[in-house]
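Number of protein chains: 4
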Amino acid sequence: MSKGRVCLAYSGGLDTSCILRWLLEEGYEVVCFLADVGQEEDWAAVEKKALSIGAKKMIIEDLQREFVEELCFPAIQCNAIYEGRYLLGTSLARPVIARAQMRVAQREGCDFVSHGCTGKGNDQVRFELAFYTIQPSIKIIAPWRDPKFFQRFAGRNDLLDYAAHANIPVTSTKAKPWSMDANLAHCSYEAGILENPDQTPPDDMWTMTQDPLSAPDKPVDVTIHFEKGLPVKLVTPEGKLTDSVALFKELNKIGYVHGIGRVDIVENRFIGLKSRGCYDSPAMTILRLAHLDLEGLVLDTQVRSLRDQFVTHNWSIYLYNGMYFSPEREFVENALLFSQRRVNGEVRLRCYKGAAYVLGRSSATEKLYSAEEASMDSLDNFSPEDTTGFIGIQSIRLKKYGLQKVEEGENLSRA
Amino acid sequence: MSKGRVCLAYSGGLDTSCILRWLLEEGYEVVCFLADVGQEEDWAAVEKKALSIGAKKMIIEDLQREFVEELCFPAIQCNAIYEGRYLLGTSLARPVIARAQMRVAQREGCDFVSHGCTGKGNDQVRFELAFYTIQPSIKIIAPWRDPKFFQRFAGRNDLLDYAAHANIPVTSTKAKPWSMDANLAHCSYEAGILENPDQTPPDDMWTMTQDPLSAPDKPVDVTIHFEKGLPVKLVTPEGKLTDSVALFKELNKIGYVHGIGRVDIVENRFIGLKSRGCYDSPAMTILRLAHLDLEGLVLDTQVRSLRDQFVTHNWSIYLYNGMYFSPEREFVENALLFSQRRVNGEVRLRCYKGAAYVLGRSSATEKLYSAEEASMDSLDNFSPEDTTGFIGIQSIRLKKYGLQKVEEGENLSRA
Amino acid sequence: MSKGRVCLAYSGGLDTSCILRWLLEEGYEVVCFLADVGQEEDWAAVEKKALSIGAKKMIIEDLQREFVEELCFPAIQCNAIYEGRYLLGTSLARPVIARAQMRVAQREGCDFVSHGCTGKGNDQVRFELAFYTIQPSIKIIAPWRDPKFFQRFAGRNDLLDYAAHANIPVTSTKAKPWSMDANLAHCSYEAGILENPDQTPPDDMWTMTQDPLSAPDKPVDVTIHFEKGLPVKLVTPEGKLTDSVALFKELNKIGYVHGIGRVDIVENRFIGLKSRGCYDSPAMTILRLAHLDLEGLVLDTQVRSLRDQFVTHNWSIYLYNGMYFSPEREFVENALLFSQRRVNGEVRLRCYKGAAYVLGRSSATEKLYSAEEASMDSLDNFSPEDTTGFIGIQSIRLKKYGLQKVEEGENLSRA
Amino acid sequence: MSKGRVCLAYSGGLDTSCILRWLLEEGYEVVCFLADVGQEEDWAAVEKKALSIGAKKMIIEDLQREFVEELCFPAIQCNAIYEGRYLLGTSLARPVIARAQMRVAQREGCDFVSHGCTGKGNDQVRFELAFYTIQPSIKIIAPWRDPKFFQRFAGRNDLLDYAAHANIPVTSTKAKPWSMDANLAHCSYEAGILENPDQTPPDDMWTMTQDPLSAPDKPVDVTIHFEKGLPVKLVTPEGKLTDSVALFKELNKIGYVHGIGRVDIVENRFIGLKSRGCYDSPAMTILRLAHLDLEGLVLDTQVRSLRDQFVTHNWSIYLYNGMYFSPEREFVENALLFSQRRVNGEVRLRCYKGAAYVLGRSSATEKLYSAEEASMDSLDNFSPEDTTGFIGIQSIRLKKYGLQKVEEGENLSRA
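Protein chains in written order, with our numbering: chain P, 3 to 417; chain D, 3 to 417; chain V, 3 to 417; chain U, 3 to 417.
So here's chain P without its partners, still in its complex pose (with noise of 0.2 angstroms):
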């Protein structure tokens, strides 16, 4: 008799395939589960392979719509940037992911959901917290934190020998020194050789974006529109997308050629290590800086304060740590949405050798900028002497605070 159904996150993997076999095995039936958020996959395959392990279904979902459109756009309106450098490109794509997987497991009658992800890493905390949050009662398998699992296959060569043993087929190309986790945000690259932080990633390991020395040596001009801090129209020299999947995807690929968007960084992970990875999002880059550029046209100086200490700072945070779906990150995400109300124009950009550059930016609707009232050249309906006043009333607390330090003997004049 069956333990009951699982649905299981599987990617066609050796990891989720022995998984996979291993449920089974167990007493359970598995649905199969992956998520389309625009990876390069042979989805036929994986389909194939899910069935002839013995999966029950093996159900792949198109996500790049929501993807893009649920959790990419709000990061760009949000500026989000984990620890000043990581565009969150994972981050991004697990609430998605796991969303989906809880629709399909409710649709399929599972009661459990189980995916591959190891016991050191983020995503098992950002799947796993999706899933309790979105249905409290269901069971997670995580058969890399079970002594069960985990003990008897110690190692790779553990897996290999499981799956000849079980026929379960291993692609036979050599395994890359380092792991790799793509969607459209980003292709995330950690682990193996990249555990020495100071070994330079090799240039063959970037998979969306070119080598900024091989990118082309003409640049490429773009316009990004936005309303509402939402990209709504990409002009570039071949033409004009206001779609947003397919805006995203040519800003990928316009990033791609001219190879912008690498960072390699140690970051801190939830569970309180540090780790390396590397990570190439050209579209986010672009985006991101457009939208920056933006608001510094048409934001409130003190919003914008508000909203980069606290909104952007909590919900980058939130997202690492897999609080997508939170009371905080809701909270915050209300206040993101509220700021963005009026902030509409468009931003020129210039793409080349690794960089994006703002080579301007209007807006027909938003005014806060004004040439006139910003010229040193004119005074209309301005009174320097306010200015005189205006000094004069911030410097009655910080006079104060010299004549303390004189008191105190110390001379604020000296070096």
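Incorrect hints may have been included.
Identical copies carry no separate label here, and so any pair may be met within one copy or between two of them.
Unchecked claim - When the alpha-carbon atoms are kept at most 20 angstroms apart in a straight line, the in silico SDA-like pairs for lysine to any residue are as follows:
#1 Lys58 with Gln406
#2 Lys141 with Thr367
#3 Lys255 with Phe155
#4 Lys230 with Asn336
#5 Lys369 with Pro221
#6 Lys178 with Thr209
#7 Lys230 with Glu332
#8 Lys59 with Gly6
#9 Lys369 with Ile398
#10 Lys220 with Glu348
In short, the hints are calculated from the structure, not lab data.
Go by the hints and put chains D, V and U onto chain P.
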């Protein structure tokens, strides 16, 4: 009889030359002061001009070392950045200049200090708040906010007429259609044609960076060593530098050649106006990237998060707004220094056509990163079951949220 | 010919009576305005006096409901407090008054608004920033900052002489040795003898609270019901009230009798001066405690922390500094309202001799608290082993810190 | 053969007596430890009981001074408070106890530490995170999270049976229907009947405060002197105290008599459960009010705001969550101490029937407050026109906002 002695910040340009002359006419004695913060200048010519107009003295001080060590380097420790883009080059120079001007004013027995800043800008605020804090009793003459002055000199032509009449020599070179201000940290470009935020800066505007399009096809790799967050050694293909100023200037040179550090933004001035500014900051850009990267390797994640949210955010705003000499800057800088006690290590970087890239980083002394522990393949000293407990506890609160959503009729699994 | 029409905030007191007269002398037409925000006043006498001095009209508006509902209640939702002590009674009234004065000015076709605030206080800033934001084209006459006025009326005696000369009736009652300002939220006491911060306020100063020492020996218990963080019902031994203003006034009455809500502080004014203020705020004090308590029962901990750090802190400062009509206040208030969607329930309180105490709280609709789950004795749905994992993972980072300390020669176990 | 030596936190109660016995049965040697943090205890009886059950040693250490000076006083400097209500009495004691227990464990050559904390509470986390940080190699035995133990002892009766069987003497006094934990800072009451958050605590529950209703009709006035934010002298009608512990205990006594410092809340535990707790903290309540008040007089407004938002908020959360021994607590405490350098002065207070009231404050050394400057009547060193400029400049940005609202069709003057 003299109305008193004024220490005037004198640059040798048209504005401050007219102000010098006007102060004399108004009955003041004037001691001129010019700070050397690394800008290009014909110092002898400036002195000659000041004295010929009637200054009592022309005092020029080399502030390069205190500028680099006391302002630029703390900014690097802080990863300082204003509104996500601007590295604060002008803001960093102001406190050093104001302090030196006050030293001169005190030494020369001046009752007044004066400057040529306009009434809408940030610099007047930065200078004057510094003056008042350093010496609360000082009196300030700000001609561009004094109706007697600004009503008489309503435009550039009035100044030119006045100069001609007073035999003040005017440089014949045609003025650029924007204004510039240079120091070791950057050169700024604003006003004039740049007041249109959609006007792309002309190629020949930038002075501290070559056009990335003209930069060499061959990258250059450098290594920067940090101790307590401070750059202490630069290794280039040409040799090693350990002196702070020499190291900083060498990075400016490398950044110039490879076109690194241009930004073009619309920013929010302290007085509430938006303005457009362009800045090229080669050394600061490279150093900031290196420091940011090293912190990933050696800084605790919670301290980093606090430092980012609280110190970096606020320190940058304080500097921008002229609050260097303030209790709040002193307060956050104390926290900053505390955070940097273990920021020791080195970062290898590549400079190429407009951008710098991290190639790797290491630290001989710091051990928060451990390749062994980070490795997904190793379970030494790690119990994967712990993560199950960690996730279980984190989910207690989130499950409540999930149940609340169900109750509200919101289906979290729906896209 | 008239210089234009002024809408003057007129209280009937000596200052604004002299200002009214002076404005007329200066050639303005004056419409007087007085807001009823719940203070005690002989409204007919004020009107008679204004008209007798020469005002075109005397307009009195009852703003009590909008004051309570639009300002006091959001402050309660926010647990608003300035510098940990002050419940912002005056700050809350200003936006409502300024807005009503602008409505009158617009209706009456006034080109100017005027007020009797002094040049060192917060109120001038609060009123004028509100005026300018509501109608950017408005012109403001602030006599106490106009040298023509303040040099002529250097002290109270000058005003009395002027009043005598102009046949302005002056109340014969001896002025109190402090100034007061009352509204439904509180009465404030400052200046005069209170300028010595070590001077204990005399017993007869307080007007909205009885001395706790004279309060009844018998406490009174009340219940306050909240919906979405708003007080919707008050139950007292005498009955139930659901109307916002009635409920608020009843709590003022109960707080008066039991002496609840006195504070005596030194605070920091927006313009950078420290000043001493005493305030009694009975209803606000009781409501704030009740709301704070209810949030413990029904609000998510992370949302609460964010709301405290970001919304409560900033909203209070914005209100204090006169930034009610501002993008930043609107931004944080949007977040505030979002946080209050589930703040539903009731709190039972005891009022007794100077303080209120919570007796208990409950919510018919909210379920984040569960006695069953909180109970140490029950292990249903709880695996104690999870906490071991939780602690284990949390300790990864902390052990690194511990090892670092050992390495630094610091012994954490030493006192 | 022994499994090793355990240092057990032993209170003499039923739980830890059974744990002691069980550890011995399991084959460990046990050294018992009990911290004296000011609670009432029959120390000799505890020792006798431990030894009679079989402990190798019973070590009792007086930690009162380090508790007051190293934890309670920094909490006062910080105005520490959790979720706006709780003064952290238990949280403050834990680091001191954990540290002393580790000292004992190290001195006695223990391989393990153990405690009787339950699996749902905060204390287990606080103790264990401290243990692990102080000595990362330590091993912890937490019986209430060990299935072998908690499955055997499912309820109080199982413990009683076990005690009877093992000849462990059990106090005959009937257990109270709640649990308590006392130290110098407070006594806490939770669980049992208190798990119903609407159950008013019975009058006889509170142990460190008299019922305000029974408190004397005559108030007592005291003066507290601070240096660098630390209480250094207490003056009461009965005399002066300068010793930290003596002063603290005297304030506890005064607070007891006058019924000061009761709170009753629902709080959020670190592990994500809400729980109800009652606390009476007489000395802490009085000291916190006095310190908060003094800061109004002597602390710069911007430093205070930063300290409140970042240090006070976070320090309190860190302590509550057991993160005393952590990089982040060390980081914010460094900032805290820096902020307190000039918190010098004295505060006069009245204690009366449940509350303390400030009567006045002064500082012989600090001069940020100036009655002269604050006075509305004096214009010495103040130009009222400056405020006009200050308001004018502040309004630049706000007018833009006002115009935006008009454009959006929103009328800011409407209620």
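Verification of the supplied hints:
1. Lys58 with Gln406: neither (77 angstroms within a copy, 33 angstroms between copies)
2. Lys141 with Thr367: Neither, since 51 angstroms and 28 angstroms both go past 20 angstroms.
3. Lys255 with Phe155: So Lys255 and Phe155 fail the 20 angstroms test inside a copy (40 angstroms) and across (55 angstroms) alike.
4. Lys230 with Asn336: Result: close both inside a copy and across copies, 13 angstroms intra and 17 angstroms inter.
5. Lys369 with Pro221: neither (31 angstroms within a copy, 42 angstroms between copies)
6. Lys178 with Thr209: For Lys178 and Thr209, only the intra-copy Cα distance (13 angstroms) is at most 20 angstroms; the inter-copy one is 45 angstroms.
7. Lys230 with Glu332: For Lys230 and Glu332, the Cα distance is within 20 angstroms both inside one copy (18 angstroms) and across copies (17 angstroms).
8. Lys59 with Gly6: Answer is within; shortest intra-copy Cα gap is 15 angstroms, inter-copy 53 angstroms.
9. Lys369 with Ile398: For Lys369 and Ile398, only the inter-copy Cα distance (13 angstroms) is at most 20 angstroms; the intra-copy one is 33 angstroms.
10. Lys220 with Glu348: neither (23 angstroms within a copy, 34 angstroms between copies)
Checked against the numbered hints above, the structure breaks hints 1, 2, 3, 5, 10 and satisfies the rest.
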